[in-house]
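Q: Basically our numbering = 1-based index in the sequence shown + 793.
Rather than coming from a laboratory, the hints here were simulated on the basis of the structure. Just to be clear, a hint being listed does not mean it is correct.
Unchecked claim - In silico DMTMM-like cross-links for lysine to aspartate or glutamate, where the CA-CA straight-line distance does not exceed 25 angstroms:
1. K836 - E876
2. K858 - E879
3. K860 - E879
4. K818 - D1018
5. K1014 - D996
6. K1140 - E1104
7. K838 - E824
8. K807 - D914
9. K886 - E934
10. K836 - E879
11. K1140 - E1025
12. K1031 - D1018
13. K1014 - E1104
14. K818 - E934
All figures in this text were calculated on a predicted structure; none of them were measured in a lab.
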Amino acid sequence: MILIYVAFHKGEWKMKAAVLQSGKKILDIREVPVPQLRPGQVKIKIKACGICGSDVHLVIHGTLKCKHFPRIPGHESSGVIEEVGENVSRFQKGDRVVISAGTSCGVCSYCKAGYDNLCKDVGVFGFDRDGGFAEYNIVEERYLYSLPDTIPFDQGAILADAVSTPYHAIRYRGNIQNGDTVAIFGCGGLGIHAVAVARAMTDGKVIALDVERGPLENAAKYGADEIINLKEIRNPGKTLKEVTNGVDLLADFSGYMSNIEESLRAMNPGGRIVLVGIGRQPLKFQIPFILIERMISVLGSYGSDRRAIPELIDLYLKGKINLSHSITSHHTLEELNQCLEDLDERKGNPIRFIIQP
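Make the full structure from the sequences, and use the hints.
A: Following this line, the structure appears as structure tokens:
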């Protein structure tokens, strides 16, 4: 028999959650009230929530901030609907779902068109409102995507950000075409899935570049044709040119502009450079003549819109992408703080630790 830890105290239901307090660098695992269900919302029993690098920056380093405290982090979650509020029409009790990582106003022209990531009020679960490191979450119906029975909850959870963000960058901003040669700089939690997405969408070469051996080993598991350790070469552009006939699509998840500048001469005419990673230094980019002469596009990419998760599910069901390599291990809420430390220190070459509240 499985016992769900939800208690009733003084007229209100309580649940276990990981709570971040202002000024603290550790999460408190404690009881909090279960939020009340409002019209248009659903109550979800969280089955899996991935730990993202941004959670490390939020909790341990404090380089990312919440709007308000206390806050329950976690923005890569999946679960089962336990209760639906009034005016909910697309989902019912018992449905398996993925919760979008991003939040938005829902009424502006961008949101109505499905481009929530362009909303001026765009936010993130776990930062701007409570997230998935808890037994339950209450969210609006529009943030949900149906999760087929054939996709495990852990792999479904990371579709919310770890996979959908690079998918949006590669598929829509980079406009990948079959046959394209693709170079991925930075193979951490997002970049590694850019390798997986690129491998699923092109028969051309996929090259992964990083400064650490572990992420490159992960990239090889996801089908990279070449893995290049940036510490072992002097000029990425020269090396890329040597192993390819030129790069059609370059996606950067590292945030280091020097990688881009040094790789320009490896770009084919009409090539696309997509910037996703945010480094510690401001992004400064001088425009050389080659960028104009070869008509190379430089594009930014943030999060994903509503197309990404359904299309990724379709790729999964067709056998073109499998995320089993990404699931490092499963943990309880009580083990969450240790997982954050291990991810920060890269212990065991992790991709995604999964919390099962």
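Q: Where does the structure disagree with the numbered hints, that is, which hint numbers, in rising order?
A: Of the numbered hints given earlier, those the structure breaks are 2, 3, 4, 6, 8, 14, listed in rising order.
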